[in-house]
Amino acid sequence: MTALDPTTAQLPAQPKGGTPRSGQHTRLWAALLALPTGWMVAFFLSSMVIVVLLSFGRTQADGQPVFSTRLDNYAQLWDPLYLRLFLRSVSYAVATTAICAVLAYPVAYVVALHGGRRKNLLIAAIVVPFFASYLIRMYAWSALLSDDGLVNSLIVRLHLGGGVQFLNTPYAVIGGLVYGYVVFMILPVYAALERMDTSLIEAGKDLYHGPWRTFWSVTLPATRAGLFGGVLLVFLPALGDFVSAQLLGGPKTFMIGNLIQQQFLEGQNWPLGSAMTVAMMIGLTVIMVGYLRATATRSREAS
Amino acid sequence: MSLLHHTSDDAGLATAAPAVSLRGLTKSFGRDTVVDHLDLDIGKGEFFSLLGPSGCGKTTTLRMIAGFSDPSEGSIMVGGKNVTATPPHRRDVNTVFQSYALFEHLDVRGNVGFGLRRKGIDRRAIGQRVGEALELVQLADRAGSRPAELSGGQRQRVALARALVNRPQVLLLDEPLAALDLKLRRAMQVELKAIQREVDITFLFVTHDQDEALSMSDRIAIMNNGVIEQCGRPEDVYESPTSVFAAGFIGTSNLMPGTYADGSVAVCDGLRIPVPAGHGLGGGEQVSVAVRPEKIWLSELTPDMVRVPGTVVSSSYHGATTQYLVAIAPEVTLTVLEQNLPRMSPEDRWTPGSRVELGWLPEHAVLLR
Amino acid sequence: MSARSRRVERRPAVAVAVTVVFFAWLYLPIAAVVLFSFNSVKSLSTFRGFSTRWYADFVHDADLVTSLVASIGIAAVSAVGALVLGTMLALGLSRIRSRTGRAVGAVTLLPLVTPEIVTGVAALLLFTGVGLKLSLVTVTLAEITFSIAYVTVIVRGRLAAMSTEVEEAARDLGCTPWQALRLVTLPTLVPALLGAGLLVFALVFDDFVLAFFTTGVSPQPLPVRIYSSIRFGVSPAINAVGTVMLVLSALVMVLALIVPRLWGRKSSSLDLITGA
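If you read the protein sequences in the order shown, they are chains A, B and C. Per UniProt numbering: the first sequence = residues 1 to 303. Per UniProt numbering: the second sequence = residues 1 to 369. Per UniProt numbering: the third sequence = residues 1 to 276.
Here are a few chain A residues that face chain C, going by a calculated C-beta distance under 10 Å:
| hint | residue |
| --- | --- |
| 1 | Ala34 |
| 2 | Ile50 |
| 3 | Ser153 |
| 4 | Pro237 |
| 5 | Met281 |
FYI, nobody ran anything at the bench for these hints, they're computed from the structure. Backbone N, C-alpha and C define an ideal beta-carbon position, used for all residues, glycine too.
Using the sequences and the accompanying hints, generate a full structural model.
Structure below.
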């Protein structure tokens, strides 16, 4: 063993009053956190609290919203008209999500497994337009699909029929939603396909014969996480969207988003709008928790 | 070359005090004690290795000396100065990290000169010292490269130069060769040792690789469960292990457990192995006898050897050597390593089933408690 | 070529067909907007000849130009603001492992999973509640709040890929914690920060919903301005404005994808977007 030097051996062997270094460090990180946390509390959390509070409020005779403790707004929501609209919104969002998934798989598959060196370029070609103005793209569809728009004039000119009414139909609204949000499905599915071991697919082809059965029994389970993520990323914004229904639809196809928007910027009934917003968030949370539970169980069973 | 020598005025003091001394150094995480009351002195200019399996506390010890981790108890002295409460940037030690931890946004020159710039040394001196350091690690031609453009071995050299250029009292190396492939690792072992001699800086080298520790170190401390099992020169640690763990961790050891009585150990009925005297045992203690595989002979036994009969269980050819497993008792099998000498033909090798007589010199048997 | 790669390279015809149609569908409306912005007549169904009259209309519409400038300003300020706050947040969160730290981390991600209309409504109520007059300032405040999460996610991704030993190396070589952050961590993050900043710029520049709820009467951000003119009927001038917007945001997005790649060679925000 090491011989102890007598001069140093007498040094006190005890902790040196606390932990100065890590203390200094933790303070730095805490200081970094303070400002953004304060910001989020001031501008995000507090705004959410106000929405919840105002949902119990009322509108004064002069149109001013004031805080109160009434349940009137929620009672008002329990109206067949609103319930139908809520169900319509959910069904549009579900349809949008399903179509996005069906569309995303072949596209992501081709890019991920057959994209070769242009893989990144192709993904960029998908991403770039989606981050370009959603409003302009919705407007473009409304111009293209209008009764005297390009699509209809082509139909007439090619003698395919007497023109089709696209706008103001659920198809147009759902189509707009798909167009608006499909990228949020493609990206996670693409990432999952990228990570997937392609030898699995080959093994599947040997085992199951035929691409369809291989897809169902190999590719889909292997990319489940990406699909689940994409479903969330599409469903959430689609349910709250109001631009697609505003520009491509009409009153018959309005969604919750249009209703809320009306309360705030046209109807000027903010307390009712707040209650609708809270109700939508509650509905969303319930759907999401149910969905997350279901997918979590499914993933556990799979592994 | 100015890298070679410290220019500090307190050279007298520095030679008096060890480069590093640890007293009662302890680190606990909750109930887990990772480093347990470590006492250690590392001399100036020494190449010292902390050797042990992962989780033995060697890296934690290194991190406490560097200042990244606060000791729960005990003190750390570097060059005679108590640095237990000193933050890492004011300690006169530098570290070569396992992941190299190069700064990707700086080129090689910028990386190596980083520490000197922090010290506020003037530009021309920095340029010169960086040049010398790059010369030392043979990377002068890559001064303008980004770390991303370098190979693993080159990155490793940059990390070494970046630490050495500051001429620290102690250089801490945290498994710096672990990420290199075997061939490069061997080459770097030789080079690292040569560099250490040239710069004459104390190296504290942490590794789990016994070959590395044996071939480079002036002294080795074998760590296990937060304590030093044994500390000494490589040959002492290898030849005279003082614990079962030390014997097993460095090299291969044949351990024969048994009961001590009258100068020999009873391994089983009818098999007593004589051991050297001077251990102060009274009799009846449970002990182990350890003999290194290459210390056991299978032929040309001399009269002064301890002899044990056995049966060859298996033999495997390793080019320079042949390794045999020989059963000497129902529960005891020894590994024997025999040189394949020029005068030996393949027919001379023992085949499984052969009855053989093993022999070793009494002083090659180590008694372990 | 091995049997393995040959097998994978046989392209699934249906999937390829879907992909081709997908890309056509993706770019059809964009192409239409750009094409008809150069139409010499007002029609949106027949192209009669090349003209830049709608661009001239746009340039001479002081209102639209003000809105364009306003939108660029909002996007730039928001990008800087979100970058500063989001990076601080990411750095703090990556180092603090306490329960409060995790809670803060979860809260900051909430805007990402909240439908934008909810964020917009909430911001409107907050600003009117505390008596802030709705203006470009309120739009910017709301956009920053919404964008912090994007920056945080991207920067945390980069930080997670960075060895903690890099920061220790900086301290080992004489840096105080603050110097280590300034001289090593932040410079290493530069490519990710550039990517994140450009991404936020593009998102905010194009954002309609939040701006719609939080803007005052005049001047309005460009998307809000376009929205109100669309409601009064389709006009070819909108095509010109739209084309300008599309080109600008596409340019910024392309930069967001390319710059980090050129800079760091290793990571790009594309990887962060795709999670690859």
